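Let the sequences and hints guide you as you build the complete structure.
Protein chains: 2
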Amino acid sequence: MLKLTKKADYGLIALKYLAEHPETPALSAKDIADAYGIPAQLLAKILQLMTKKGLLRSHAGMNGGYALAREAREISAYEVILAIDGPFFITSCTKGAKSCELTPSCTIKEPLARVNDTIAGVLKSISIQDLAEHEQPGMPANGAAGLVSLRL
Amino acid sequence: MLKLTKKADYGLIALKYLAEHPETPALSAKDIADAYGIPAQLLAKILQLMTKKGLLRSHAGMNGGYALAREAREISAYEVILAIDGPFFITSCTKGAKSCELTPSCTIKEPLARVNDTIAGVLKSISIQDLAEHEQPGMPANGAAGLVSLRL
DNA sequence: TCAGTATACGACCAATTGTGTCGGGATTAC
DNA sequence: GTAATCCCGACACAATTGGTCGTATACTGA
Numbered sequence: 364m365l366k367l368t369k370k371a372d373y374g375l376i377a378l379k380y381l382a383e384h385p386e387t388p389a390l391s392a393k394d395i396a397d398a399y400g401i402p403a404q405l406l407a408k409i410l411q412l413m414t415k416k417g418l419l420r421s422h423a424g425m426n427g428g429y430a431l432a433r434e435a436r437e438i439s440a441y442e443v444i445l446a447i448d449g450p451f452f453i454t455s456c457t458k459g460a461k462s463c464e465l466t467p468s469c470t471i472k473e474p475l476a477r478v479n480d481t482i483a484g485v486l487k488s489i490s491i492q493d494l495a496e497h498e499q500p501g502m503p504a505n506g507a508a509g510l511v512s513l514r515l
Numbered sequence: 364m365l366k367l368t369k370k371a372d373y374g375l376i377a378l379k380y381l382a383e384h385p386e387t388p389a390l391s392a393k394d395i396a397d398a399y400g401i402p403a404q405l406l407a408k409i410l411q412l413m414t415k416k417g418l419l420r421s422h423a424g425m426n427g428g429y430a431l432a433r434e435a436r437e438i439s440a441y442e443v444i445l446a447i448d449g450p451f452f453i454t455s456c457t458k459g460a461k462s463c464e465l466t467p468s469c470t471i472k473e474p475l476a477r478v479n480d481t482i483a484g485v486l487k488s489i490s491i492q493d494l495a496e497h498e499q500p501g502m503p504a505n506g507a508a509g510l511v512s513l514r515l
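In the order they appear, the protein sequences are chains A and G.
Straight run, no breaks: the first sequence in our numbering ends on number 515.
Straight run, no breaks: the second sequence in our numbering ends on number 515.
Just to be clear, a hint being listed does not mean it is correct.
Said to hold, decoys possible - BS3-like mimics (lysine-lysine), calculated; alpha carbons at most 27 Å apart, straight line:
#, chain 1, residue 1, chain 2, residue 2
1, A, 408, G, 366
2, G, 415, A, 408
3, G, 408, G, 393
4, G, 487, G, 370
5, G, 393, G, 369
6, A, 369, A, 393
7, A, 415, G, 487
8, A, 370, A, 393
9, A, 369, A, 487
10, A, 487, G, 408
11, G, 415, G, 369
12, A, 369, A, 416
13, G, 487, A, 366
14, G, 408, A, 415
15, A, 369, G, 369
16, A, 369, G, 370
17, A, 415, A, 487
18, G, 487, A, 369
19, G, 370, G, 408
20, A, 370, A, 487
21, A, 416, G, 487
22, G, 369, G, 416
23, G, 487, G, 408
24, G, 487, A, 487
25, G, 369, A, 487
26, A, 370, A, 408
27, A, 415, A, 393
28, G, 369, A, 366
29, A, 369, G, 366
30, A, 487, A, 416
31, A, 370, G, 370
32, G, 408, A, 370
33, G, 416, A, 366
34, G, 408, A, 366
35, A, 370, G, 369
36, G, 393, G, 416
37, A, 366, G, 393
38, A, 393, A, 408
39, G, 369, G, 487
40, G, 408, G, 366
Derived from the structure by calculation, the hints contain no laboratory data.
The structure presented is a predicted model; accordingly, all values stated were derived computationally and were not measured.
In C-alpha cells form, the structure reads like this:
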C-alpha cells in the first residue's frame, strides 16, 4: 500500500534522535527505545542492520552504543529505507531474473519504473539533517507542498 | 516496503488494456484476465471496485463488461491506486484521530508527509494514457529519468 | 419467457509479510 | 569478573494480501 514499514520509521526516528544529540559519544539502543516507547529489542536489531550497512558506528561494552557513521547531512532517507527494508520497487514484478514470467505482457512496469526512480530521487534528497531540523511548526500550511516536474 | 499491491498492479494493467482497445464497447473481466493470466475472479473484484469509485462503467448481461468511465488521459494512476488500495500514507503513523499516541514524539512524520505529497503528485501526473502510450522500447536508457525538485 | 452471459457481493481460506520476543554469545569498561 | 552493551539466529504472533467459492442479480437475445 505504498507505505514505510514501522521498522523503517523506527530507523529514521533513531537516526534523527542521534542527529539531535551530537554531543554524546554514543547512545544505547535502550536509550533511544525508551525515549520513544519503541520495543527495545526490535530497535536494537534495526540499529544493528544500519550498522552493518555503514550508516552507524557501534561500540559494545559499558557506555557503548551507537553513533552516526557520517554527518547527518550526508545520510539520506533513501539509504535508511534501503538498509532496513531492502531495495524497493514500486511494481510487484521487479526487473532482473524471474520477473513477470507468467505475464510476459506486464507492460505497465516500464513507465512505473520511472515513477519508482522519481520517488527514490525524492528520498535521496532528504537527509537525516532535514528531519532533525524541521521542528518549527511554522510552515504556513500551504497546500502547494513540493513542486514536482516529472519528465516521462 | 513501499510497493504497490498486486491488486493495484492488476487494476492499472486492466485500465491500460481498456485504454488500448477503445473501439470495443466493453470488455469482460474474463477477457482481460485471460489476456494477462490474472485470476479472473480476483480481477473481477478489482474492476467492481473501480466501477464503484467511478473509474469504470459496467454493463451486465451478454456482451457486457467494463469500459473506461472517462478518457484515459483523464484517469490518473493516483486515482486507481487510491480506489484499490485506499488512501496511502508513507508514514505508518497517519494524521487524524489516533495517530502516534504512544509516541508523541514521532516528529519524523511531518517532513515525510511532504515526501508523501510529492509522491502523490507524481502519481497524479501519470495518466492511464501515459501507461498505454509507452510501448516503444526506444527510450535511450538515460539514467537521468525524471527531474524532480522538492521544496522542503 | 427462458437460457446464457455477465456483473455484484459477501464469506472464507491460504500465503506472505510485518512485528515483536527470546535466548545465547561476544565485547568492552570499570 | 561483572555489568553493560552490541550481535545474531530462531521463533511466535498478528496483520495484510492474494485468491477462491457460492450465490444473487442484471441484462441480452432468441
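Notebook entry, point to check: What are the numbers of the hints that this structure violates, sorted from low to high?
Noted result: Violated hints (numbers, rising): 2, 7, 10, 14, 21, 32 and 37; every other hint is consistent with the structure.
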